Amino acid sequence: MVITMSFLKIINEIVMREDTCMQHLRRMEDRVVLLTGGGGGIARGVARAFADEGASMILTDIFPGGMEKTKAELEKDFGTDVVICVADGSNEDQVKAAIEKGVEHFGKLNVLINSAQTSASGLTLVEHTQADFDKAIYSGLYATFFYMKHAFPYLKESHGSVINFASGAGISGKPGQSSYAAAKEGIRGLSRVAANEWGPYDINVNVVLPLVMTDKLAQWGQENPEMFKKNLDEIPLGRYGDAQKDIGKVCVFLASYDAKYITGDTLFIQGGVGMKP
Numbered sequence: 011m012v013i014t015m016s017f018l019k020i021i022n023e024i025v026m027r028e029d030t031c032m033q034h035l036r037r038m039e040d041r042v043v044l045l046t047g048g049g050g051g052i053a054r055g056v057a058r059a060f061a062d063e064g065a066s067m068i069l070t071d072i073f074p075g076g077m078e079k080t081k082a083e084l085e086k087d088f089g090t091d092v093v094i095c096v097a098d099g100s101n102e103d104q105v106k107a108a109i110e111k112g113v114e115h116f117g118k119l120n121v122l123i124n125s126a127q128t129s130a131s132g133l134t135l136v137e138h139t140q141a142d143f144d145k146a147i148y149s150g151l152y153a154t155f156f157y158m159k160h161a162f163p164y165l166k167e168s169h170g171s172v173i174n175f176a177s178g179a180g181i182s183g184k185p186g187q188s189s190y191a192a193a194k195e196g197i198r199g200l201s202r203v204a205a206n207e208w209g210p211y212d213i214n215v216n217v218v219l220p221l222v223m224t225d226k227l228a229q230w231g232q233e234n235p236e237m238f239k240k241n242l243d244e245i246p247l248g249r250y251g252d253a254q255k256d257i258g259k260v261c262v263f264l265a266s267y268d269a270k271y272i273t274g275d276t277l278f279i280q281g282g283v284g285m286k287p
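Going by the working numbering, 204 is the number at position 194 of the sequence shown; the sequence numbering is gapless.
These aren't lab readings, by the way, just hints derived from the structure by calculation.
Keep in mind that the hints are not guaranteed to be accurate.
Within a straight-line C-alpha distance of at most 25 Å, the following computed SDA-like cross-link-like pairs (lysine to any residue) qualify [to be verified]:
(1) 79 - 225
(2) 79 - 259
(3) 86 - 96
(4) 255 - 198
(5) 111 - 73
(6) 145 - 103
(7) 145 - 133
(8) 166 - 260
(9) 166 - 36
(10) 259 - 269
(11) 286 - 199
(12) 106 - 91
(13) 111 - 167
(14) 159 - 72
(15) 145 - 224
(16) 255 - 229
(17) 184 - 274
(18) 118 - 209
(19) 118 - 91
(20) 86 - 113
(21) 226 - 134
(22) 270 - 202
(23) 286 - 192
(24) 239 - 222
(25) 259 - 76
(26) 145 - 96
(27) 79 - 230
(28) 159 - 110
(29) 226 - 252
(30) 166 - 152
(31) 259 - 78
(32) 166 - 40
(33) 159 - 180
(34) 184 - 238
(35) 111 - 166
All values reported here derive from a predicted model rather than from experimental measurement.
Let the hints inform the model, and build the full structure from the sequences given.
Pasting the structure below:
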């Protein structure tokens, strides 16, 4: 019995030591992340990945409902400190106010992730009106510009990171996505310029191109099973990405100290679709 109890004591000490080590290994511990479009499903998955790694979160979106759901999830599942800010990304004053609100609460900003975007998808180029085109440019390109511009002083102080979301639609020129593709390719150009200008301040700026399973995609797949299977067969890894496990974890890596020597790059998180030589 003495031997058994001693053995159990040793095992418990090892487990406690491993738990402590795992806590120290959390890559976003004591770091503050601002995520735009924080009420959306993809952004919620990304937020969960960062929360799981110990980050505090500033969520911004034009609508409060989705953000409140994300906030509740993060608080319940990870005990995350979350600040939500209702802001229209196309409005520079609202963007500036959202950043200041988050920084006032946490005292700093380490990571900026621009994921928010709306567009008139499905319209051909000639069917687009100026209003349709403006929707994509203002919600995506302008919003990314405003958030980067006003986050810069805080990222400079923290030697932080920027992760901007682009799209394979811009790379491949997907039909029916002219305004969306234009906005996303504009974001890639903006990101490369920032990578050069902000490199001396030890701020790295990168772009991700995700291919993600969403509720809308799942519904479309049920309605169009043959087309869904055809699209799925074109993905070398044979599946759509998971917002938290696949997209979010890559973003965590890009925001971590392990990726500080990567900047101005575009990472395809698409299961092999769009692979380059």
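For each hint, the structure was consulted:
no.: 1; hint: 79 - 225; verdict: holds (16 Å)
no.: 2; hint: 79 - 259; verdict: holds (21 Å)
no.: 3; hint: 86 - 96; verdict: holds (21 Å)
no.: 4; hint: 255 - 198; verdict: holds (24 Å)
no.: 5; hint: 111 - 73; verdict: holds (17 Å)
no.: 6; hint: 145 - 103; verdict: holds (18 Å)
no.: 7; hint: 145 - 133; verdict: holds (13 Å)
no.: 8; hint: 166 - 260; verdict: holds (23 Å)
no.: 9; hint: 166 - 36; verdict: holds (23 Å)
no.: 10; hint: 259 - 269; verdict: holds (12 Å)
no.: 11; hint: 286 - 199; verdict: holds (19 Å)
no.: 12; hint: 106 - 91; verdict: holds (21 Å)
no.: 13; hint: 111 - 167; verdict: holds (17 Å)
no.: 14; hint: 159 - 72; verdict: holds (19 Å)
no.: 15; hint: 145 - 224; verdict: holds (22 Å)
no.: 16; hint: 255 - 229; verdict: holds (21 Å)
no.: 17; hint: 184 - 274; verdict: holds (24 Å)
no.: 18; hint: 118 - 209; verdict: holds (19 Å)
no.: 19; hint: 118 - 91; verdict: holds (14 Å)
no.: 20; hint: 86 - 113; verdict: holds (23 Å)
no.: 21; hint: 226 - 134; verdict: holds (21 Å)
no.: 22; hint: 270 - 202; verdict: holds (15 Å)
no.: 23; hint: 286 - 192; verdict: holds (21 Å)
no.: 24; hint: 239 - 222; verdict: holds (15 Å)
no.: 25; hint: 259 - 76; verdict: holds (21 Å)
no.: 26; hint: 145 - 96; verdict: holds (18 Å)
no.: 27; hint: 79 - 230; verdict: holds (24 Å)
no.: 28; hint: 159 - 110; verdict: holds (13 Å)
no.: 29; hint: 226 - 252; verdict: holds (14 Å)
no.: 30; hint: 166 - 152; verdict: holds (21 Å)
no.: 31; hint: 259 - 78; verdict: holds (22 Å)
no.: 32; hint: 166 - 40; verdict: holds (17 Å)
no.: 33; hint: 159 - 180; verdict: holds (23 Å)
no.: 34; hint: 184 - 238; verdict: holds (17 Å)
no.: 35; hint: 111 - 166; verdict: holds (18 Å)
Hint violations for this structure: none, all hints satisfied.
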